[in-house]
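**Student:** Single-letter residue listing:
There are 4 protein chains.
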Amino acid sequence: MKVGIIGVTGYGGIELLRWLKNHPYIEVAYLGSHSQAGLDIADVYPHLQGQLEYVSDTQLQEINADVIAEKVELVFLSLPSGISSSLVPNLLEKDLKVIDLAGDFRIRDASIHEQWYKKQAPDRRSQSQGVYGLTEFNRADVAKASFVSNPGCYPTSVALGLAPLLLHDLIEAKGIIIDAKSGTSGAGRGAAVGTLFSEVQESIHAYKIGAHQHTPEIEQFLADVTGKDVLTTFTPHLVPMTRGILSTMYGQLTDKAREMNLTSDSLQEFYQGFYEKEKFVRIHKSGDFPKTKFVYGTNFCNIGVYVEERTERVIVVSAIDNMVKGAAGQAIQNMNVMYGWDEATGIDNIPLIP
Amino acid sequence: MKVGIIGVTGYGGIELLRWLKNHPYIEVAYLGSHSQAGLDIADVYPHLQGQLEYVSDTQLQEINADVIAEKVELVFLSLPSGISSSLVPNLLEKDLKVIDLAGDFRIRDASIHEQWYKKQAPDRRSQSQGVYGLTEFNRADVAKASFVSNPGCYPTSVALGLAPLLLHDLIEAKGIIIDAKSGTSGAGRGAAVGTLFSEVQESIHAYKIGAHQHTPEIEQFLADVTGKDVLTTFTPHLVPMTRGILSTMYGQLTDKAREMNLTSDSLQEFYQGFYEKEKFVRIHKSGDFPKTKFVYGTNFCNIGVYVEERTERVIVVSAIDNMVKGAAGQAIQNMNVMYGWDEATGIDNIPLIP
Amino acid sequence: MKVGIIGVTGYGGIELLRWLKNHPYIEVAYLGSHSQAGLDIADVYPHLQGQLEYVSDTQLQEINADVIAEKVELVFLSLPSGISSSLVPNLLEKDLKVIDLAGDFRIRDASIHEQWYKKQAPDRRSQSQGVYGLTEFNRADVAKASFVSNPGCYPTSVALGLAPLLLHDLIEAKGIIIDAKSGTSGAGRGAAVGTLFSEVQESIHAYKIGAHQHTPEIEQFLADVTGKDVLTTFTPHLVPMTRGILSTMYGQLTDKAREMNLTSDSLQEFYQGFYEKEKFVRIHKSGDFPKTKFVYGTNFCNIGVYVEERTERVIVVSAIDNMVKGAAGQAIQNMNVMYGWDEATGIDNIPLIP
Amino acid sequence: MKVGIIGVTGYGGIELLRWLKNHPYIEVAYLGSHSQAGLDIADVYPHLQGQLEYVSDTQLQEINADVIAEKVELVFLSLPSGISSSLVPNLLEKDLKVIDLAGDFRIRDASIHEQWYKKQAPDRRSQSQGVYGLTEFNRADVAKASFVSNPGCYPTSVALGLAPLLLHDLIEAKGIIIDAKSGTSGAGRGAAVGTLFSEVQESIHAYKIGAHQHTPEIEQFLADVTGKDVLTTFTPHLVPMTRGILSTMYGQLTDKAREMNLTSDSLQEFYQGFYEKEKFVRIHKSGDFPKTKFVYGTNFCNIGVYVEERTERVIVVSAIDNMVKGAAGQAIQNMNVMYGWDEATGIDNIPLIP
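Residue numbers (the working numbering), protein chains in the order written: chain W, 1286 to 1639; chain V, 1286 to 1639; chain L, 1286 to 1639; chain E, 1286 to 1639.
FYI, nobody ran anything at the bench for these hints, they're computed from the structure. Keep in mind it's a predicted model, so treat the numbers as computed, not measured. Incorrect hints may appear among the rest.
Just so you know, same-sequence chains aren't split out, so a pair can sit in one copy or run between any two.
[Unchecked claim] Derived lysine-lysine pairs resembling DSS-like cross-links, with alpha carbons at most 27 Å apart:
| id | residue 1 | residue 2 |
| --- | --- | --- |
| 1 | K1356 | K1513 |
| 2 | K1306 | K1570 |
| 3 | K1403 | K1570 |
| 4 | K1356 | K1493 |
| 5 | K1403 | K1564 |
| 6 | K1570 | K1493 |
| 7 | K1382 | K1356 |
The whole structure should be built from the sequences, with the hints applied where relevant.
**Tutor:** Okay, here's the thing in structure tokens:
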């Protein structure tokens, strides 16, 4: 099948392109780049040299819906937030299938979108056609979708970690704390003082405290899953590493959980059962917890759980590669679902260790 | 004044030695090392070459209380937990002043010590003479002490961050969550697979979840300060950097705080006032938060605060250099207090940036 | 085909195992580990969980030639230098095919081996059957071999960079300088103070100056290629990164090269032509040079060349991933050649960027 | 004494400011910044908060020679190359003493300057008053100077390493190879894709091969020292670390050296003697070589030497902190010399390890 990538020169786009080489059914027939149209992708990224036999046109193209529709059947959008919203309606009109990696269409409530993104919410009509592509939970809808809004990196790591607890009423819907740590690739490839090596190395800090735009995405998803209002405190941190998100999540046991005498062991078994059929969610043994390195360069989400009896609290730690399960990998997982292919097609590999 | 360092070849010991060069009143007259006695410290650590004019004997010595008492007036112990407990009584008997950087004497309750350290608690008699050396809070006692138990690195970052809130009843004493992130130097210089560069680089993980021995130290100190039982969830993480601890702390507003309509701005002013006279605690402007780099190579604790009105929660972020305010720097700060010197003597410098 | 890996728990072994998942013709039927026999590999390395459908026995086994011969047709040895020499003769006697990643059998001259390795040279008989597996140069011999001695990481990066110049008499055979820089994974997974994160981070240093055991391997190969004595100065450095070797090589132009008026452009064209048919050697455009990141996680060797007219000198910069082209990847490349499969089978991917 | 810093918000400027806190005779009375005039330096750099008692005016000022001359006696210039050349003549006219950290006035020959810097050479008149401030070699001239051109970071590491050999005719003046490795702080604080954390981490590469503007500076200094033409190949590399330069230098033994039967041991002794009186140059024992970590945050240059008898070649490895001995530290060292103060005043400390 022929696909295109809009915004291929960013980190998300180049990661999509990298993964699609492994996909047996895909020909990449369109590479869109607003800023570098006309250049060959292998000149922009010399590490691609000699490896693009699956890319039928390696020249970067202007972004034009008519042209794209002639060349491909499905298009991935990997653009900064605020741009895809103006493109998606045109692309859908041309009967293209669209998987959007930006945040533009994830929040259903326009006022909430505007409050957190500080930008006008996109066209409601396109959004109403879109499916939130957290594959493990929305597989059936994704399968029928022509427009998938791919989840954010942080929300993916959080949703997979917390949904089982909330679905089964084991932690309170209010009072959840999410302390998340990300590598620098999430900040993209734009030149900025704050992500210079000399600034990031040998340092860690929290940012956008109380104000990160992934907060309402997390709350919306968890509310959808549980039917309850969910209120979270979400604090992202920047860590001196390139790839990976570790989310450490804290919830208060419900009466139900206390009555069950939930322990670390029984909770681990519950998670194991919950995700038994999920290829890409791996539960650690009781007492073991993930490192982001355990998922480096893969589509896995690794999860470890703990019940702190002293404080009647659950601690869940999840690890993903923000570029893969948090972006390009999950996008391909969604494409696989949309086309009825094995979900792991082209994204089934072992983490890069060491 | 003549001082000695026991365990000088570890990271804590070598950091003490480094700082003492800047101290105008100190001669280092004894360097103790069990494993490398007989060698010259500058052969073990070639970076010290030519810089030890303040060290009157650079040869590493066996650890013997009689010998030490002949040579120095005060001795720093920088040894792994479980060893100083057998040395301290002997040293105190010889009328030496002692500042112990290990955890052996920090926990007053022997059963709690044994539960968390998984080791026998030390001799109660020595401990009863000891003062917990969180300088900003125990200054008067430190001034009179002959034996100071220097706080742990994590507890220092947490205590300075949370004590103002608990002292003034602004957050609930139960339900506190501490998500802490440390560099690798805290793990010491012992050869171990888990702290190899190839294992730590490009990864972050939580460790000792629900079981870190600094948990009861934190709770004991905060209970002392507030007169209430304090229950915390403490989760340490290992970050791919050498120095620095960032603690992100979460507490629930009390009724009192809600009635005051506590905001980020008013809370920032409160912290500013609370620590006004403290040289080594720096409060960030409202909306600003610390990076560990802002305290790199210094004795500072930088703190930023936030009130999340949506969730009625306070978030406090504190940053220290674990080797300095979390170990050697605070030990010297305590020595300065014990001798009536200006508290910043020898430890007043600007962070190493970049 | 069934293969085994001896020493699978080291970094080289685990990397071999990782790559073999991608190989369409391979079943891994034996995993040997002296120190951890009896354990399941997925317990030792939790990141492998759920990914080992191509491994028919995931339990680590004692190293026994009879047992191995029953289970597999070919065996990879990934052991510290000095151990494989005692195993290889037994394995070959059982008619196993062997690819040895250690240095034991690379040096033909026993006295040179002993001089540089400071260990007794191995059994000459086994060695005489072995082929030095620098695939691009010894393809025909590898194809017929039952025993391949896989090149060292540094020698691979150097040989591919310098051989074209020496073969065509463009630089003097004497007076070559090789300044090489490696990540820490080359030092293996053994616990050691020198490769702790706290020691390696924010530092670079040279090691084994004038004494690295890869020096005679480099000289032997280049002498074989040219028929001349080759004398090199080889200085390896340890860089604060996990993967990658960058070799910067300096040679003096010959009279022939000067008469040709060799320039950077013409030299680049010469390299381009020389390696035209080589999948895994990529020549940068004139004026461009490799980063190790350009080959991260791949079997490529990227090369950039420069003629410094002022000094009549050639500079060649080559980059490999020491774990792949410098170890596991080239071993699989050699296996592919031995079995007549496409040389890139299972090792044809795009570098992990960012 | 009152001094000023022009360009204080760059990495070089902020480092100067940091060091001057330790200097007993200095008041900083002027901070110049073209781009951020009007702001307070502690707002731009919050890590300085509370530490600027030695800075009498912390507000950033426009750059105006009249104003500066009223406020201070000596001014440091820490500006990108190409800017100081237009300021220095004005500053000197006002009878200010000037120490310039940029490269504008280092090269005497205007055509060579223009060839390598690709910019017009500065006013010859100012330059003729300037002294090249490699303190260890030009101390007498610096003492009398009112204008010092502070050496580049690479040239400092190279000159200290090679000058003893060339002065004593132990290596050939032609055929020298310098393979240098630098951290990212040398690239400054400008936002740029190439120095983003995600681009630099886990990678090393050479840059400006055959074309780095420090090449003629190195050659000019070594020619001055020896009275001979010196021709070098200089290859800088970017290493994933913030601070530090390691230069690995290769020279061919002269007939004289060969007749002396120069060995690693005798060469080490020679260096030891050569630099015996130099506080800031430290020679490693024979067989030992520097890590950049050994000089981290200090004004030291550590040097290790080796004679490779097989190839009749000398290898010299030198390590500096590019921000200190390669910039701010040496500038202060020069100021100390200019004012007849002890040369180590304010810059005498122990490396930050770990």
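**Student:** How would you label the pair K1356, K1493 (within, between, both, or neither) given a Cα cut-off of 27 Å?
**Tutor:** Close neither inside one copy (40 Å) nor across copies (41 Å); limit 27 Å.
**Student:** Regarding K1356 and K1513, is the shortest C-alpha distance of 27 Å or less found within a copy, between copies, in both, or in neither?
**Tutor:** neither (44 Å within a copy, 56 Å between copies)
**Student:** Please sort K1570 with K1493 into within, between, both or neither, judging by C-alpha distance up to 27 Å.
**Tutor:** Intra 33 Å, inter 15 Å, cutoff 27 Å: inter-copy only.
**Student:** Quick one: K1403 to K1570, C-alpha cut-off 27 Å, is that within a copy, between copies, both, or neither?
**Tutor:** Answer is between: at 23 Å across copies they meet the 27 Å cutoff, but 42 Å inside does not.
**Student:** Given identical chains, is K1382 near K1356, meaning Cα to Cα at most 27 Å, within a copy, between copies, both, or neither?
**Tutor:** within (12 Å within a copy, 49 Å between copies)
**Student:** Given a CA cutoff of 27 Å, do K1306 and K1570 count as a within-copy pair, a between-copy pair, both, or neither?
**Tutor:** Classified as between: cross-chain Cα gap 24 Å, same-chain 34 Å, threshold 27 Å.
**Student:** Please work out whether the CA atoms of K1403 and K1564 approach to 27 Å or closer within one copy, between two copies, in both situations, or in neither?
**Tutor:** neither (37 Å within a copy, 39 Å between copies)
Violated hints, listed in ascending order, are 1, 4, 5; each of the other numbered hints is respected by the structure.
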